[in-house]
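Trainee: Chain by chain, the residues:
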Amino acid sequence: MTVIILLAVIGIIVAGGFLLGFIWAVRNGQYDDMYSPSVRILFDESKKKDSASVVTSDEEKTEENKIDQNHFLTN
Amino acid sequence: MGTPCIHCGEDCGSQPVLWNEKAFCCHGCSTVYQILNKSQLEKYYEIQPMAGIKLEKTVNNQKFAFLDNEEIAEKLLTFSDSGICVVNLYIPTIHCASCIWLLENLHTLHSGVNQSLVNFPAKTVSITFNNGEITLRQLVELLASIHYVPEINLAKLDKKETHSNRTLLIKIGIAGFSFMNVMLYKFPEYLPGGDQLGSLFTGFFGVMSFILALPVMFYSANDYYLSAFKGLKHKIINIDLPITLGIFTLFIQSTYEIATLQGIGYMDSLIGLVFFLLIGKWYQSKTYQALSFERDYKSYFPVAVTLVSGSGEQSIPLNKLEKGHRILIRNQELIPADATLLSGVAKIDYSFVTGESIPVPKKIGEMIYAGGRQSGSSIELEVIHQVEQSYLTQLWNQDKGFGKPDSSLGSIINKVSEYFTIIILAIGVTAGIYWLFYNPSLALYAFTSVLIIACPCALALTVPFTFGSTMRVFGRAGFYIKNTEVIENLSKINTIVFDKTGTITLNKSMDIRFVGNNLSGEDLLKIKFLASHSSHPLSTCIKESIAGDQRFEISDYQEIPSMGISGIVNGTRINLGSKKFITGKVDDAPNTSNVYCFINHHVAGYFSIANSYRPGLEAVIRELSKSHALYLLSGDNDSEKNNLGPLFGNDEYLRFNQSPQDKMSFIKQLKSTGKKVLMVGDGLNDAGALMESSVGLTIADDIYSFSPACDGIVESKQFERLPSFFGFSKLAIRIVILSFIISFLYNLVGLFFAVQGLLSPIIAAILMPISSVTVVTFATFSIRLMAKRYKL
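Keeping their order, the protein sequence lines are chains E and Z.
Per the working numbering, the very first residue in the first sequence carries number 1; after that it's consecutive.
Per the working numbering, the very first residue in the second sequence carries number 1001; after that it's consecutive.
One chain only, chain Z, in its complex shape:
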């Protein structure tokens, strides 16, 4: 390892870029350092050493030209008046304290910036700037120049910020405020001699409690009524129905007691109940702000595209793109619509679509599907389908109408609460009828007591706290799920379908072996030097697989398209290329990527280039196959069949040459046989299948980069832990069931008093918090403990 780059910390290699006696790994890093140095912002490197971001690909200077288009710029701005504009930009590379510091000191770099504010969890920066001094495009380019490249896409344009979390916090605040005060008013009644309070105090405390309960009843708790009502409309009894029944009974009973000056009834229990329930809801609602699970093609495609017309080039918004338009796609730009190639050398990288990272060369006149990324020089295309009608976007939109069925319907909590509500009502009615015959004055009281004491506070808190903790455990382990419902769905899975390329194979690294005569170290270096002259993806692979670095004399270099390369390196003729090019024989295995090598006057052998599988794949498959049926879908040809067959047990579980549509229908077919299917994919070609499956997971090297719509994102490093994640979700369900049993036991004690007509506010005030606290502690602690045992 050489010296680390001052900017990004990466190895500088044998020939570092030097500036001011400081070593950098590349010119990009050095440039950023110079910019910051000029503005005296070196503190950036002090807060967190080597905090900088290395850009693997240089940013095209036309990349942000579309921001000059006023229509687009206007959509991006959150505020604009008298030349002062506010823009909120998503920068996925924000990662440390230095980032916050630098981005909030943007005004030092350009006087047009008034103020900038980073939201670290959401990875956004909100910038206030003066439109007269710096345009939006210049601002974005300024950020790009210090390697904080904002991600701007269509979905961001259309999305408006929501503040649902704020509402919940306010509801909790109000409930907490009322809870504390009403508890104080209620306290004297619980003390010995509390019944001797004068009517002045009883009346005053009663009225105050009633007033304080009103906002809780009609504001804080209204979500529960709404959900219970919605459930009834769909003929479903959900957990919110017994809660609503309990809340209303408590309120009416207490109001009656206050009105008749008997005390303040159960107001404290009522408000406490709502307060605890809301806390549970808040705990469960933790989301990963910077991650997005609901992506459609809009978040993948660019905002604008360069149109070529008689009057030159101009950038137009993507929705204005029509059939027949000629568009210009530069290096690293995305092809937004199905099109045919008009001119230029097209090498399309479909890695986001298929997971295959070797770019595909295309000939003039050939059709290019939307979703690919051009690598190399600029190309011109003619659009043949509108964006919405392109192959991939169509596949994506298909499911938009219905989406996933509401999975909460069959959830465990709703099944339990259905029986629970019916049984409680039955007990209440029975107790009421019984007392009607023996002591009619107690009949109504016994009935309401049952509803009050059975109000399933502990029951309702079980799921939020168990699943909320599980979600946090998963998050720490590198598995990010969309919401807590996913845990329950995950535990029911019995069939797992894997995508091949990019999911079980590694995206970047290739498994390269040389088959043939042993080559000397010098020969290998010569081959590397020759290969480094070609930009063909296979040459790049070979170049990267050979260690060391040495320069040679080269002459008579030739690149023969679709054949290979040839050159004389230090006097030795070396040819690299296809079997036909090197040996003259017809390639009998066209499905494999073999590069033959001619060196020292004979054919020395060939480089076999194959995808390398993720480490630990075998163990994962073996572990999962114990309890699940496993399938493999691949868009590729079946060249890997012999390697994968034994792993998955039988060839019938492997399917090759699957189009995105095939993948989706395969999942549909599995589901129609009653299977609960988990799809593990990574690219856009899996989008349909991910949406169709019961649970769709994506594997991502960088969780903040693009991934198709899914239920969960797994960091690729954590692939080996998949069986643990699945096992843990089953365990979480078991903990939920245990907690249910605990809360039922408490309910039995309460019912024992209630049916006898003996329930007093003090019993409710003790039983309810105790049962809730027991259940919550049990749930969170057992999840923590189990997480340790599972090493998550």
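In isolation and in its complexed conformation, chain E is listed as follows:
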């Protein structure tokens, strides 16, 4: 029966992973706008290459990435 303890620990680790995922999503701003993404997903037109993959509102980060890429290219 002591195996239940192991199961409980595994359970809490898995659930904790989901909790962390949730906190990340909230911090990321995914819950700030609950409406627009539901409309956006129906637009089937292909967008500009790099913008299609970015649907979060965390522009700062994507911008940093872009700048990094630019540095990489110029170097």
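For the record, the hints were derived by calculation from the structure and aren't laboratory data.
Glycine residues also receive a C-beta, built at the ideal position from the N, C-alpha and C atoms.
You can take every hint at face value.
Beta-carbon label-pair distances, calculated as ranges:
#1 Asp1223(Z) <-> Ser38(E): 28 to 36 Å
#2 Gly11(E) <-> Ile1766(Z): 19 to 27 Å
#3 Asp1223(Z) <-> Gly11(E): 27 to 35 Å
#4 Asn28(E) <-> Ala1619(Z): 48 to 56 Å
#5 Ala1259(Z) <-> Asn28(E): 34 to 42 Å
#6 Leu1342(Z) <-> Asn28(E): 49 to 57 Å
#7 Ile1384(Z) <-> Met34(E): 46 to 54 Å
#8 Asn28(E) <-> Leu1191(Z): 35 to 43 Å
#9 Asn28(E) <-> Glu1042(Z): 29 to 37 Å
#10 Tyr1438(Z) <-> Gly11(E): 39 to 47 Å
#11 Phe1218(Z) <-> Leu6(E): 24 to 32 Å
#12 Lys1791(Z) <-> Met34(E): 25 to 33 Å
Examples of chain Z residues lying across from chain E (beta carbon under 10 Å, computed):
#13 Met1180
#14 Phe1205
#15 Met1208
Starting from the known structure of chain E, fit chain Z onto it as the hints suggest.
Mentor: Positioned in the frame of chain E, the structure of chain Z alone reads:
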């Protein structure tokens, strides 16, 4: 009805603008279509047909010149580095899926745009662009060219985004996570034979529960402690005090049981309690993101103004504007400070200030108050007061210091919880003392049991769910309130004060009647054609009131200032104008707007132009007067006194020629006699009164356009429903009281066990969720049901 415009869907009339065999109502719409067509963005019209926005007024090409000013541009940008900039723009006209699609495809229109992202509920678009390829001004002008004109004002510049909603969500997430897990650990104890669990399991589950409870205790629930503490500091017992007491008792009791290996105590109930409470808070905190209730003059005034100096024109930020500066105000621009007119033809539209839509002409040298909008050609002004010291802004700032008193102090929930806390403590102490004499080992247990079981979870959930549902019902019906406290304040109202112009009268449409001889249809069309040559507001009114469209020959057209217009239309001399101009007699009723008409060699009569009242006004007033004292305040003269007197019952309830300051002091005076005053207004001149009143409501044709600071915005179409809204708020209070009674009944059952020292975790674990669920379902369902009955 002719063909609808491909772009905006409006009637194209008899002479549509044609482009590529497609019909448009105006050149503006056609231009947007051409821009989109060129970039192969016609899909815009497929997602939602005729989704386009029609601009009533053309955008001046200098309107966004201030964005070239680096200081202003820098404030607007949320991010800027190595030429890459991010700007967040508020575009109130965003309204459909097509808008989202087009705004997110901005990069097709200009390669300088990297990415754009729409937040639909907030009506904002966040644009990432390359500063080297497109400047902020060009970007904004690009948006304006496709008729998505961003609204940029001072308040937006100073405001920083807040993320309080995110914190609440994280708190709920953590509480939910702990709740589910602790419930699993606790479950074996509830089963038959649960007391036979070995000490290994009891100890393990106990420690795990304790660890999981820590973040809930010290993070998720900390708002309640803070609020209870704040209340105590102000010598007020609020609902959060018994909650805090309950939470801490639960925690200490359970920790003791875990430490002594007796089980895991009430940890599941504790965490569940916090979880439910937070859900209630989240439900209540729904706000209308795109609406703003806290506007001051900053959100109304422009960001920059054009300064005229020896070296030419330059645009400066508004806060740099000083006394003595010469400024240039173009068509449709706002006058930001009290000033005197230096040159140009000034026709000032004070509709945002007074609700009066007919522009007021001003003479050179005359003083012009801040807040008006110039219509017509450009004018030059000399500033005589700084922005902050102008008449209207001063009135607005007066109340900034104290604002509305914290209305939550006297709220029903706090009154109840005050008695509740005292009674519960009394019962607990009595039970403790009783057991001290009969069985001392049970004394402390009985006391803590009372605090635990009485923890007012159901009580605390009543208000969020009842008022939260009411707020949603109101929102669906076109009545948007700032927060749920407004509902309670609304239910206490016994006096209602109306503003006249724009509030009970219609803003745009005029009631125009022709008094005199019957005119033939052709004569009317001739009059219309003559009137269409003048830009005088009264001419425009007459022009719009006559149906049909026909062109005539016109000669000898003259416009005589402050007299009238004259011309020969198809050989017939027609004069339109003041009584003096047409009949030669002195005007004996200078307060009315009558336009006399001379046609076919005689004076045919006059057009009487009056404000038309909102449809259903009479019914609304009659309904409201049953239960409220009604007053009317108007900045206008008393020309409408005879119409309104019978409606409001007596002339003493009507006050005319009221300045904004008068309105405010009138409300103050009513309040000092102990009345709960509701002010219904619409313009800036009501701002002071709205702030002073217990509840201030504004009536708006377009809820996203500017309205003064208030507690609620009513769509003008819903004006007739005002009595229903007020009645419904009273009903919501009754439902709250009923829910209180239900939760007290549950508490009585719990107390029955607690005072006997018989409370076990299982009773708490059953009673608490059941009482909460009952109360929440009762509250939400009865509100829904009643909303149907009230047809809201």
